[in-house]
Amino acid sequence: MQEHLPPGITIVKSENLEEWLMDIRVLDNNPLYQNEVYRLKFTFSSKYPIEPPEVQFIQCPATSETPRPIPIHPHIYSNGIICLDLLSSAGWSPVQTVESVCMSIQSMLTANTRNERPQGDNEFVSYNRRRPRDINFFYDDDNV
Amino acid sequence: MEPPNNLFELPDSTDWLSTPLSNLAPLDSALRCQVCKDFFDTPVITSCSHTFCSLCIRRCLSAEGKCPTCRGNDQVMKLRRNWGVQEVVDAFVAARPTVLELARRVTAGDQDRMEGEESGEGPVKKKRKVDAPETVDGEGVGEERNGRQTRSRNKRVDMPVPTAEVIEDSQDEEYVPEDGLVACPICNRRMKNEAVFQHLDTCTGSHTPSKQASFGSLQPMSRTANSKPDHPPERLPAINYSIEKDGSLRKKLQNLGIPDWGPKPLLQRRHTEWVNLWNANCDSEKPKSKRELLRELDIWERTQGGSASMFSAGSSNTVMKKDFDKAAWSTSNDDEYKRLIANARKGNQKFVRSADTLPESQSASLSNKPERTANLEQSAERPVTQDVQKPGELPADALRINGVDREAHQSQEITNSQTLDTPSG
Chain U
1 MQEHLPPGIT
11 IVKSENLEEW
21 LMDIRVLDNN
31 PLYQNEVYRL
41 KFTFSSKYPI
51 EPPEVQFIQC
61 PATSETPRPI
71 PIHPHIYSNG
81 IICLDLLSSA
91 GWSPVQTVES
101 VCMSIQSMLT
111 ANTRNERPQG
121 DNEFVSYNRR
131 RPRDINFFYD
141 DDNV
Chain E
145 MEPPNNLFEL
155 PDSTDWLSTP
165 LSNLAPLDSA
175 LRCQVCKDFF
185 DTPVITSCSH
195 TFCSLCIRRC
205 LSAEGKCPTC
215 RGNDQVMKLR
225 RNWGVQEVVD
235 AFVAARPTVL
245 ELARRVTAGD
255 QDRMEGEESG
265 EGPVKKKRKV
275 DAPETVDGEG
285 VGEERNGRQT
295 RSRNKRVDMP
305 VPTAEVIEDS
315 QDEEYVPEDG
325 LVACPICNRR
335 MKNEAVFQHL
345 DTCTGSHTPS
355 KQASFGSLQP
365 MSRTANSKPD
375 HPPERLPAIN
385 YSIEKDGSLR
395 KKLQNLGIPD
405 WGPKPLLQRR
415 HTEWVNLWNA
425 NCDSEKPKSK
435 RELLRELDIW
445 ERTQGGSASM
455 FSAGSSNTVM
465 KKDFDKAAWS
475 TSNDDEYKRL
485 IANARKGNQK
495 FVRSADTLPE
505 SQSASLSNKP
515 ERTANLEQSA
525 ERPVTQDVQK
535 PGELPADALR
545 INGVDREAHQ
555 SQEITNSQTL
565 DTPSG
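Residue numbers (the working numbering), protein chains in the order written: chain U, 1 to 144; chain E, 145 to 569.
Treat the hints as calculated values from the structure; they're not laboratory data. All C-beta atoms, glycine included, are put in the ideal place defined by N, C-alpha and C. Any given hint could be a false lead.
Stated by the list, open to error - Pair ranges (Cβ atoms, derived):
#, chain 1, residue 1, chain 2, residue 2, range
1, U, PRO7, E, LYS395, 42 to 50 Å
2, U, ASN30, E, THR242, 26 to 34 Å
3, U, ASN122, E, SER428, 50 to 58 Å
4, U, TYR127, E, ASP156, 52 to 60 Å
5, U, THR66, E, LYS395, 24 to 32 Å
6, U, LEU21, E, ASP156, 19 to 27 Å
7, U, ASN122, E, SER166, 29 to 37 Å
As the list claims (entries may be wrong) - Lysine to aspartate or glutamate pairs mimicking EDC-like chemistry, simulated, CA-CA at most 16 Å apart:
#, chain 1, residue 1, chain 2, residue 2
8, E, LYS181, U, GLU99
9, U, LYS47, E, GLU208
10, E, LYS430, E, ASP234
11, U, LYS47, E, ASP234
As the list claims (entries may be wrong) - Here chain U is said to cover these stretches of chain E; the calculated rule only asks that three of the stretch's residues, wherever they fall, bring their Cβ under 8 Å from a Cβ of chain U:
#, segment
12, 197-211
13, 378-386
14, 425-439
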């Protein structure tokens, strides 16, 4: 699989079946995401693929060898948590793969034009100690 | 589905991409279940015409009642076996290693030749790669292929031998004239040993076989003809857990011969998994023994069931809470816990002063998680006692109880599914 991923998606770490790291970048020239690579962390439960993996962006400091910021997006909190329907229990389907999730997130970024964080990002990031799967998002915005 | 020992030896559809047969990758991938990504195991087709492994789709449907591919509503009862796909998969899987090896050798040979010659331009190289499988016959690689063909021809020549053995076996039970001829296992006509195999290709079986034994022993060769077992295992009905009392559900698990410890949500999940394992096995062409299924249930128990982790055992209905962050939870609720513990200590002291004779109820109310402690105790004890109860005769015994039990539930199941039908449709 490693050698045959779609453009813009690479495996960083996939040694075990609990946690994978993937790097993605946006392919077109959306100015919000130009020349940046973003790192996704996939955490798989024992019930994968019946249940969705937990997927979030993780940050590597700009000073590190591989700087990985959290992309700006109205559905991506600054702590890396992604509000995406297909990652919720309701929107998930077992036919999804790491590859297909990466592609969905790629296109979610590509399609975005708004240089902003979700509403209430600050509060959410400061109070949230929960893991993404325990959060009940409201998928109120179908435009992005 | 289960973690493989070596992740990198897994056959994958992308194996073909680096060979001249890269156009086999879509075929390889089309013969795989989209849920488990492995080759179809006992494929079944949904009412929306999507094919999955029987066990995979059963698990999906019991989790959310939707087809994973198109998200359309579907029910386990509407699944139908897909024998055609099974045959294609079996044939492909059998041929795959040889074809892949051959394709890889062609690639390697191609590269060797490229190195020997003066390297051509890109497009030419590519063209040769594509042409390779057709044009290699006269070359070195072709010889290997011929060798392979001879080997497979050998296999075919070998095949009449087991047939002859089968007929020799039957001599014990039935008079066979010593004419140096053998009987066709289908129509029973007698002919020369060498002629049997050719005859089998065209035999219409018009002379009915006189003996089941010789017919049965041929099954592996003509598996489409008569592959159904004489007594197909009966399917288990689903249970409407909401109308089921704790005790009666436990009893049902007992009757099925599966572990019956744990709180009701765990019993439900275990029962669901067992029904899925069992019914998928009923779909299978080569059903496994109940013992084997119990082993699979035990694997489930250790990875996803009651022995997996304390938290996933307790909360099964709330999908979102499953891999609940213990550390974060205890940090955020630290104050509350401290307060409760302090209260409990106060209460405890009072009790100890007033009455020393209530140790049991006391300790139960003290521990924060009384139910869980109880479960753990049960989990330690129950399976052991059960093993002692039924060491050997477990399958037959449980099956019989099943049969009786099931009839009682059959009508109930139908009404349940009907009531389920109405709101969704």
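Here is what the structure says about each hint:
1. Look at PRO7 of chain U against LYS395 of chain E: about 58 Å separates their beta carbons, and that is not inside 42 to 50 Å.
2. Under the hint 26 to 34 Å, the C-beta atoms of ASN30 of chain U and THR242 of chain E, about 47 Å apart, miss the expected range.
3. For ASN122 of chain U and SER428 of chain E, the hinted distance range of 50 to 58 Å is satisfied, since their beta carbons lie about 55 Å from each other.
4. In this structure, TYR127 of chain U and ASP156 of chain E break the distance hint of 52 to 60 Å, their C-beta atoms being roughly 43 Å apart.
5. Distance hint check: the CB atoms of THR66 of chain U and LYS395 of chain E are about 58 Å apart, inconsistent with the given range 24 to 32 Å.
6. Checked against the hint of 19 to 27 Å, the C-beta distance between LEU21 of chain U and ASP156 of chain E comes to roughly 20 Å, which is consistent with it.
7. Checked against the hint of 29 to 37 Å, the C-beta distance between ASN122 of chain U and SER166 of chain E comes to roughly 50 Å, which is inconsistent with it.
8. This hinted pair checks out: LYS181 of chain E and GLU99 of chain U have alpha carbons roughly 13 Å apart, not beyond 16 Å.
9. Pair hint LYS47 of chain U plus GLU208 of chain E holds up; C-alpha atoms about 13 Å apart against a cutoff of 16 Å.
10. Using a Cα cut-off of 16 Å, the hinted pair LYS430 of chain E and ASP234 of chain E holds, with the two alpha carbons roughly 13 Å apart.
11. Restraint check: the Cα-Cα separation between LYS47 of chain U and ASP234 of chain E comes to about 28 Å, which exceeds 16 Å; the hinted pair is violated.
12. Only when three residues or more bring their CB closer than 8 Å to a CB of chain U does the claim for the segment 197-211 of chain E stand; here the count is 5, and the claim holds.
13. By the rule of at least three residues with a Cβ nearer than 8 Å to a Cβ of chain U, the coverage given for the segment 378-386 of chain E is violated, with 0 such residues.
14. Remark: the segment 425-439 of chain E is not confirmed as covered by chain U, as 0 of its residues place a Cβ nearer than 8 Å to a Cβ of that chain, below the required three.
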